[in-house]
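Chains as they are written, first to last, in our numbering: chain A, 1 to 201; chain B, 1001 to 1377; chain C, 2001 to 2553.
FYI, nobody ran anything at the bench for these hints, they're computed from the structure.
Treat each hint with caution, since some may be false.
Result set (DSS-like, lysine-lysine): computed pairs, CA atoms no more than 30 angstroms apart in a straight line [claimed, not checked]:
{"no.": "1", "chain 1": "B", "residue 1": "K1031", "chain 2": "B", "residue 2": "K1058"}
{"no.": "2", "chain 1": "A", "residue 1": "K29", "chain 2": "B", "residue 2": "K1302"}
{"no.": "3", "chain 1": "B", "residue 1": "K1031", "chain 2": "C", "residue 2": "K2516"}
{"no.": "4", "chain 1": "A", "residue 1": "K100", "chain 2": "B", "residue 2": "K1188"}
{"no.": "5", "chain 1": "A", "residue 1": "K151", "chain 2": "C", "residue 2": "K2465"}
{"no.": "6", "chain 1": "B", "residue 1": "K1193", "chain 2": "A", "residue 2": "K141"}
{"no.": "7", "chain 1": "A", "residue 1": "K151", "chain 2": "A", "residue 2": "K100"}
{"no.": "8", "chain 1": "B", "residue 1": "K1075", "chain 2": "C", "residue 2": "K2475"}
{"no.": "9", "chain 1": "A", "residue 1": "K141", "chain 2": "C", "residue 2": "K2475"}
{"no.": "10", "chain 1": "A", "residue 1": "K171", "chain 2": "B", "residue 2": "K1376"}
{"no.": "11", "chain 1": "B", "residue 1": "K1193", "chain 2": "A", "residue 2": "K62"}
{"no.": "12", "chain 1": "A", "residue 1": "K141", "chain 2": "B", "residue 2": "K1188"}
{"no.": "13", "chain 1": "B", "residue 1": "K1077", "chain 2": "A", "residue 2": "K100"}
{"no.": "14", "chain 1": "C", "residue 1": "K2493", "chain 2": "A", "residue 2": "K151"}
{"no.": "15", "chain 1": "A", "residue 1": "K100", "chain 2": "C", "residue 2": "K2493"}
Remember, it's a predicted structure, so these values are computed and weren't measured experimentally.
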Amino acid sequence: MNWFLRGLRRGVKTESKPTSTPPWASSLKVEGNFQGCPTNAIEDGWDSGKCIFCRRCYPSLKPTGDHRMASARGNPMFRRSFYLYPLDVGTCGGCNSELKLISSPQYDMTRFGIFFTNSPRHADGVVIMGVLTEGMREVLKETLDAVPSPKVLILLGACAISGGVVGEGVKIEADVIVPGCPPSPNTILDALIKAKGGKGW
Amino acid sequence: MRFIGKLENLCIYDMGEREDQCQDFSFHAGKSEGYGEFTFVYGPSAGGLTESVQFMIKTSGEQILEIEANPYFKKRKLKFSGRIEDVILTVERINAMFSASHSLSFIIAVERSVDVNVDYEVMMARIIELELERIRNHLHVLHKLAETGALGVASYQLQEMEERTNRLIGEVCGHRYFFSSNWINSVKCNLEKVRLDYLNGFNSFFNDMLENRILIDRFQNNGKIDQDWLIGPAARASGRSYDSRYDSDSLPYKDLGFSPIVERSPDTFGRFLIRGLEILQSIEIIRGALGKAKNVRGGEVKVKGVGSGMSRVESPSGDLVYKVKVDDGFISTSFLPPSKANLSFFLKSVIGTIFTDFPFNWEGFGIWISEIGVEKE
Amino acid sequence: MVIEISLLANLIPFIISFFISLWNRRAGYLAVSVSSILVMIYTLTGTLTPLALLKVLALASWFLLSLTSRDDMSTLLSVSVIGMLTFMDSGENLFLLIAGWEVMALPLFYAFKEIRPSVTFFAFGELSTVLLIGGAAISGGNMDNLSETSVILLLSGFLVKTGITPFYGVDWLPLQEGKLPHSLSSLVSATMTLMGIYGALQVLQQFSVPLPMSYALILLGSFTAFMASLYGYVSDDGRASLAFSSIENSGAMITSLGVYTLGGVTREVALASLLMIAISNSIGKTGAFLTSISSLTYNKPFQKRWESYLGSTMIAASLSGLLPTAGGVGSWGLLETLFISAYVSGILGVVPLIGGVLIASAEGFATALAIKYFSSRHIFRKGELKDSDWPSRFISGIAVLLSGVSLSYLVYPFKGGLLGVASGTLIETFSNKPFGGISPLYVLIMASVGSLLTLALLGRPKGRKVKTWNNGVDKEDDYTPFAMANNERVMLKFILGDGKFSKEVFTTFFLILSRKYKNFSDLLARAIFNGNLTAYVAYLAIAFIIILIVTLL
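For reference, chain A alone in the conformation it holds in the complex (with noise of 0.2 angstroms):
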């Protein structure tokens, strides 16, 4: 009773908008010209699956608050329900923890019809976070596999993307790129709606 009386003191806590990005995880306006980017994210314009928000390129490019950096091939299949199972090919934590932070009240991924599942099995989409390591290479394929058709494939974190300053990222074809190192649960949101065929947080 106690518990349930504590829920009620502390009131609702669920965001109906998104609020509070941080700059560093949130796309960069150029704004100057800027060498020396550790991972050549600054090529032609700004490359946002590249970035890991070093900040070396301030002030020439800037953080703009806005969170929407996904892209997202969306599928209308899963608009009412969507199975993540996450798999962790070669983090440094961050994207595991941002991703899981999605479920906190602030966010509440349940509101939307997202939900995390304990099996490859009972999946939609896969969530392919981390370099793609040497160990791990067997293990993605066999997910992949057990992942029953159709699927969404979601690289997650500039690591899986493009590698970072940390390794190699995983080649494959994907449907939503999700950008950031780590991106914020508002990123993360994003791209979830969209990749299930809303239209975005």
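Let chain A serve as the given structure and place chains B and C on it in line with the hints.
Below, chains B and C alone, put in the same frame as chain A:
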């Protein structure tokens, strides 16, 4: 004198380090008879694990008789030598949740190797960073423990507090995991934005959690480990006041009146209790340090000279040691993460427990595999 | 003299095989096969008594065994066979019989890999020999003048060797993992236990036994069958499971011997059933034994061939008493005779009734045993490694199937017809009116036609095997036979008791028996002699009243 761990060929003690014969990390524990037992595979890719690690558990059905862990599935080859500006990018990304601890330990080691005089306000700001990270990590561990114990309200409220802390860090330092917030003799954070009001009700919240019979039953006598070689919350739970904030001079915690919290319960319950109490302690430390820290922003400090240095800071899960060798802006470094030792302790403590106890024990230790499986390129 | 000449004629090919095997082991096996065929042909040209048929069965087993064995035990095998032939052809000469009995077991002494089990095995062997010598001495070494005592002693000697209660150790012990090489295990299980039955039949054909002894045989045999099949079901050692199956079959054969000695209308049917069960045991075991597993190792994988599947299924069906295999016809016949005896014997019919109930339960456990054994071998095969034992499995399976469908018509006395079943293909039993009947041929035809029709109409089963998800790694399941057996042990705890089961089932059996008896006597003592004075006074009063009534009458 307490033993911390083995870093390459050096044995690290709290008083110093020396080349010696000392205990190495062992990711295998227990012994099974063989007849009628089978191996249960848990990981690397399983629903209950945040990161990819494999456990081969020998069991006759329920009780864990022998266990072997393989944290090298996601072993990454990282660049640990080069220009300091590049190496620090790698160091931050060894383990994002302990990023402040890693980068600060690294920076302090560099400063020591070339004898840079660090401003007092910068040190206080660093203390605030470390304590914010500690609060966030402890909230994360408590959330995982509550989630495993199926306490829905507590789990979500803790997660909400963790997200608030992350947002606070993002506002203050520009990045939610302190990436690129630290440099030689500078801290790129707006400390006046630090507001800890959202944690005002944490004391009563934690007390309510402590009265929950489910938690008590699942935590007590689960994962008992009581030996002299322990670090972090596991050590302090067993009654040993081992804390780098106390016995290392990397940062001036003593000026804030710090003394380690110690409990006499060398099991998951003790580790749970220590973490909750340390959150309250960290809030006090931050409030104390805020008075002494200014809004410090440093410029580019060129590192000149040759030298080598070591530093030790208290990450949320235990002692973290960095050793660097500087040569005029070029650096090579190696480190001892707390998760290596914690994984050895965890495996030892899990023998004799049953499958249901496993997730509580695992989450209670706060082990991050990403910092174990790291190899020099 | 005539006996001795024919005996020598039978022995000479095998003696030659012995010498050949000394020179080359593989050639020795070939020689044994050839000799078996020769002696078989010679035997078939003579009079076909039931004993002769058993001898042919033994020869067929040796033929199959030597054809498919690949180790180098041919020397010891040929010596043992010589002993068994001597035993079977000894005629009236009881001392020659005992000599053959000893020689047949002697080579095993050299084959045992450890000393302790070999000594234990021989202790039982010598016990049976002692009983045989006693029986032979009383009857003056001649089968013609048998007295009741000598018959009891001889029978006991023979039955000890067949593994009857409580002498399970005879069969189970030498067949445990690592004790004997596969070919000799097969020899012991398939043929050596058959020798005990042969001897018992020989004695019982000459001497008509009183009713209590028949009933004793029925009860002993059926109880053995029940306990052995139970132990076999819960065993986690593959070879021990098969050994217990042999003991179960021996128990069934002894029960049919008991019914045979009852005489009457069931006599011939009981003998025929005995033959069919013997065929199922010998041929089936020979094929099955070369493919055993133990609980810890997974040697000898099964390859994915239809011949292997068919052979294993037929052997399993036969061992579990299912039509139309030989084992099925035999079990059916045995149960029919038991229930006919119960039907016609009035109040005493409760004994064959109990026997029938125990045999039926034993067949149930035997089905479970056989299914568990063969399905676990097929499910837990490791990859497509070379499996060179499938021919023996296939031949054994086909042999038990065909003998069930063909030989059964030759050995069973009554045949008839019924609506839909052609005349002459129905095997019948009678009490004082028609009792029951089966037609193995009919069953085979219907099963085959049905299956082929289904296949033709619906096509091949379209199944696909999906790779199991095991945390992303390629690790196969590590499910040991111990894990499977343990569930059953826990379920049957009230019979088997607790404690670590897997070792000495023999001692465990005695412990269980004594524990149950102790509990019972404790209960009885507490109930009757309960220290209550009024109870004692009541006993006195009752005793007084009974004596009064008896004296008055």
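So, going through the hints one by one against the coordinates:
1. A distance of roughly 9 angstroms separates the Cα atoms of K1031/B and K1058/B; the hinted pair therefore holds under the 30 angstroms criterion.
2. For the suggested pair K29/A and K1302/B, the alpha carbons sit about 29 angstroms apart, so the restraint of at most 30 angstroms is met.
3. At most 30 angstroms may separate the alpha-carbon atoms for a hinted pair to count; K1031/B and K2516/C exceed this at roughly 37 angstroms.
4. In summary, the hint linking K100/A to K1188/B is supported, as the alpha carbons are separated by about 27 angstroms, within the 30 angstroms threshold.
5. Of the supplied pair hints, the one linking K151/A and K2465/C holds, its CA atoms being roughly 21 angstroms apart against a limit of 30 angstroms.
6. The straight-line distance between the Cα atoms of K1193/B and K141/A is roughly 46 angstroms, outside the 30 angstroms bound, and the hint therefore fails.
7. A threshold of 30 angstroms between alpha carbons decides the hint, and for K151/A with K100/A the separation of about 20 angstroms falls inside it, so the pair holds.
8. For a cut-off of 30 angstroms, the pair hint linking K1075/B to K2475/C stands: about 21 angstroms separates their Cα positions.
9. Note on K141/A and K2475/C: the hinted pairing holds, with a Cα-Cα distance of about 15 angstroms set against a maximum of 30 angstroms.
10. The suggested pairing of K171/A with K1376/B holds, with an alpha-carbon distance near 23 angstroms, which does not exceed 30 angstroms.
11. Between the alpha carbons of K1193/B and K62/A the distance comes to roughly 21 angstroms, so the proposed pair stays at or under 30 angstroms and holds.
12. With a C-alpha separation of about 42 angstroms, the suggested pairing of K141/A with K1188/B is violated against the 30 angstroms cut-off.
13. Between K1077/B and K100/A the alpha-carbon distance is near 26 angstroms, which keeps this suggested pair within the 30 angstroms criterion.
14. Between K2493/C and K151/A the CA atoms are separated by roughly 49 angstroms; this puts the pair beyond 30 angstroms, and the hint is violated.
15. Restraint check for K100/A and K2493/C: the C-alpha separation of about 48 angstroms exceeds 30 angstroms, so the hint is violated.
Consistency note: the structure conflicts with the earlier hints numbered 3, 6, 12, 14 and 15.
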